[in-house]
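Visitor: Chain by chain, the residues run as shown.
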Amino acid sequence: MDVELLEIRQHMGRFPPFDGLSDDLLDAIAEQVEVSYFKNGSTILVLNETLNDLCYIRSGAVEVYRSKGELYNRLGEGDIFGHFSLLRNHKVRFPAEAIEDTLIYFIPNAVFQRLCEEDDNFADFVELERPRLETIAEQQKKSNDMMVTRIRKLLTRYPVMVETSTSVQLAAQQMSEAQASALLVIKEGSDNPRFSFQDSEGRTWQMCGILTDSDFRTRVVADGLSPQTPVGEVISSRLITVQSDASVNEAMLTMLRNNVHHLPVLYRQRPVGVVHLSDIIRYETHSGLYLVSNIFNQSSAQGLARLAPDVRAAFVRMVQEGANSQMVGSALSTIGRSFTRRLLEMAEAELGPPPVPYCFMVNGSMARNEQSIVTDQDNALILSDEFNPEQHDEYFLAMAKIVSDGLDACGYTYCKGDVMATNTQWRQPLSVWKRYFQDWMANPTPERLLHSSIFFDLDSCYGEDHYVEALQDQIAQTAPQSPLFLAAMARNALNRTPPLGFFRTFVMEQDGKHNNSINLKRRGTAPMVDLVRIHALACGSKAQNSFQRLNDISQTQLLATGMSDKLSYAFEFLCMSRLRHQMIDLQEDRLPDNNIEPENVEDSERHTLKDAFQVLSNAQKFLKFRYPMPAQRQGR
Amino acid sequence: MHGIRPRQKITQADWAGYMAQRLEKAHNPAIQNFFGTLLPDPDTPISQVPMVALDMETTGLDERRHAIVSVGIVPFTLDRIKLAERRYWVVNPSRPLAEASIAYHHITHSEIAQAPDLEAILDELLMQLAGRLVVVHFRNIERPFLDAAVNARRGEGVLFPMIDTMSLEARLHRQTLWARFRRWLGRPPVSIRLNASRERYGLPVYQGHHALVDALATAELLQAQIATHYRPETPLKDLWC
Chain Z
1 MDVELLEIRQ HMGRFPPFDG LSDDLLDAIA EQVEVSYFKN GSTILVLNET LNDLCYIRSG
61 AVEVYRSKGE LYNRLGEGDI FGHFSLLRNH KVRFPAEAIE DTLIYFIPNA VFQRLCEEDD
121 NFADFVELER PRLETIAEQQ KKSNDMMVTR IRKLLTRYPV MVETSTSVQL AAQQMSEAQA
181 SALLVIKEGS DNPRFSFQDS EGRTWQMCGI LTDSDFRTRV VADGLSPQTP VGEVISSRLI
241 TVQSDASVNE AMLTMLRNNV HHLPVLYRQR PVGVVHLSDI IRYETHSGLY LVSNIFNQSS
301 AQGLARLAPD VRAAFVRMVQ EGANSQMVGS ALSTIGRSFT RRLLEMAEAE LGPPPVPYCF
361 MVNGSMARNE QSIVTDQDNA LILSDEFNPE QHDEYFLAMA KIVSDGLDAC GYTYCKGDVM
421 ATNTQWRQPL SVWKRYFQDW MANPTPERLL HSSIFFDLDS CYGEDHYVEA LQDQIAQTAP
481 QSPLFLAAMA RNALNRTPPL GFFRTFVMEQ DGKHNNSINL KRRGTAPMVD LVRIHALACG
541 SKAQNSFQRL NDISQTQLLA TGMSDKLSYA FEFLCMSRLR HQMIDLQEDR LPDNNIEPEN
601 VEDSERHTLK DAFQVLSNAQ KFLKFRYPMP AQRQGR
Chain P
637 MHGIRPRQKI TQADWAGYMA QRLEKAHNPA IQNFFGTLLP DPDTPISQVP MVALDMETTG
697 LDERRHAIVS VGIVPFTLDR IKLAERRYWV VNPSRPLAEA SIAYHHITHS EIAQAPDLEA
757 ILDELLMQLA GRLVVVHFRN IERPFLDAAV NARRGEGVLF PMIDTMSLEA RLHRQTLWAR
817 FRRWLGRPPV SIRLNASRER YGLPVYQGHH ALVDALATAE LLQAQIATHY RPETPLKDLW
877 C
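In order, the protein sequences belong to chains Z and P.
Number 247 in the working numbering belongs to position 247 of the first sequence; there are no gaps in the numbering.
To convert a position in the second sequence, counted from 1, into the working numbering, add 636.
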């Protein structure tokens, strides 16, 4: 490489998608670059002109517009543009203008095509939004397949080993020094190939057994043995071990089956550590499984509230270990439902059996199994049609209060829109609920639906499940035939628009203004959920989870081929970004929220987020077109 | 610029006439070819002029005592700087390298020991410059050094019109009423060195003192100067000297 081009090469090498290129390809680009200067305000690309180069911003800033003149994107140092045109017919689709004095490196089309051919990541980056999102979502899935935690992860140090000839006294001293609760007993030579291994000097050893704290009590002291007794004489000959790549679960089962509390861990035949039952319990303590059983062991709301830190710890661990958004979402929803159910059990215990059957319905993210760590409560009560307000409502109001207050204490804040069973309006017999839904769908206005659309994510949490199922059936039957309802929902779904992306360390808005943080729920995941819900309603899906809804939608002709995959990747990426940032908040002892600050977003994440917002924005445009307001109802 | 002796100013009112006259007298084929390749007419708009940015690193500042170490050229137009057509040569100065100049241009003894004499690249260099308007930053180095070096090897020198991005900066920052006022107030003059000039146009900082990087930097600077203070229609005669 000519040293004189180092300058150009090094600069490009810092920015995606060039940062992933081989040195050879970087050289090839630097060799061929053409340079041009554009004064602030001057035009770089003119609509429909022929373009034969990829544009790279070496310094300055550029605005890219749609063909109608609307701002499409604002770009800064290290960003590229023009690739859409190169991939299509070389006609400029997005004109560009310098908004600062700008130096552009033009990369000739031949080099661009070579990069696309020789580097898959580069091709993914410049082709459409989908492949980049797809790759990332696929990678996450792969890492989840390997997520089963291996027992070796729990090992913190090598085992303490003594020879069979060592006296029990010396062995006890060594254990105390090492603060170990078990020793491995070995001897030189090999008489059982199963447990023989070689040390680093090539000597062969035989693992004979394990000596634990309790062995000292029961086999040494209780039997009155001399401190000089060799350990070889007191160990049991039965040796239970586990391989280092066994799962935590397997190790636990091995302990239970053999009734031992210590388990030597072997890598092939060499001992690499000893796990104690308490290590596994400590590990499990942080897992969702343990949490759920612990929730049901609590006897008071205060007890439940004390579990809140465990919920956060379980959340952090899941995200760290590479769980995807569906796993985290359903785990947190399960935990939330468990809190709710336990509170209902407590309420029944306190208030006595319910006077009429009921179903405790959850709505919003809990119904979709998409809860995050930052969430409020959305719930309602569906009562039997035998319900008589004068006689029974006192009971159910008291029940709703217990649940609502309890949830609040556990970190699920009261619903700001008052969508809670404590609200009389949302504590009604099934027949009234049916009327509600019928009315919302038959006589919708965007304003009315704005407040009730939360009920279109609905699931049973406790009690008579079939009440909610009846409502789900009703919605699935009516919604597809209610164009006005769908249009009103669609209009609401367009209230929250995604930002354009990022420009330097700011979030770009459609009007060209900047923000220094972005609410990823309000501007990303929530509009996506709204959008998916409408398509799901339109095709009569009864699924509540957004991914399942997208699955159902993809079975129909509603969206263009591949569109639901694209949405699903974008949604997954938005959710994961949000979860990751909440995890970072928790790890740094901040109150987790839905905001992300662009300066905390890595380059690659920034670009993928930009793509995801773009997918969402395009999908919103389609929504407007697909569910138009019927003409006679407009102007209301 | 410390250490530069005062030079007689080379000002040619009629570059075309001068070059025709040189063509007549030239003996060396390369030099004949150089002067025989016509430059654009002085009234040509700058946007139509093929240009080449030229930078040389030298062992010092006096062409009588010092020599050329490296030459970098980048052909360009107002629209595009064509890096793929760049040329860069390290040449043997046949004069001792001062340690100080090594620190400056980072070309080492061993690199130079393997390098050819300027003679070996001269034909090629002249061919690349012929018919293109040479753009430099501070012509008082490139012009006399090239003239002296060619004269030493071919018995006849080369003088030709240039666009000097430094003197374009000087026009804006040294010769205006405002500049005189600043000087009267005792303010330091605005720097017209390459990097300082580039900074005023929002151009990035390049690792300087490499003949090719500086040639590229000069080409970018001229594009920026014309975009800011002139027009694509500005005739060549307003810019060259």
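Please note that the accuracy of each hint is not assured.
[What the hints assert, rightly or not] If we take Cβ atoms under 8 Å as the criterion, some of the chain Z residues that face chain P in the derived model are:
(1) K39
(2) R93
(3) F94
(4) E97
(5) E100
Derived from the structure by calculation, the hints contain no laboratory data.
Even for Gly, the Cβ is constructed at its ideal location relative to N, Cα and C.
Visitor: Decide, hint by hint, whether the structure agrees.
Guide: We went through each hint and held it up to the structure:
A least Cβ separation of about 4 Å between K39(Z) and chain P falls short of the 8 Å threshold, and the interface hint therefore holds. Taking 8 Å as the C-beta cut-off, the interface hint given for R93(Z) is violated, the closest approach to chain P being about 22 Å. The restraint placing F94(Z) at the interface with chain P is violated, with a minimum CB-CB distance near 20 Å, outside the 8 Å limit. The closest approach between the C-beta of E97(Z) and any C-beta of chain P is roughly 14 Å, which is over the 8 Å cut-off, so the hint fails.
A hinted interface residue such as E100(Z) counts as satisfied when its beta carbon comes closer than 8 Å to some beta carbon of chain P; here the least separation is about 6 Å, so the hint holds.
Comparing the model with each numbered hint stated earlier shows that hints 2, 3, 4 do not hold.
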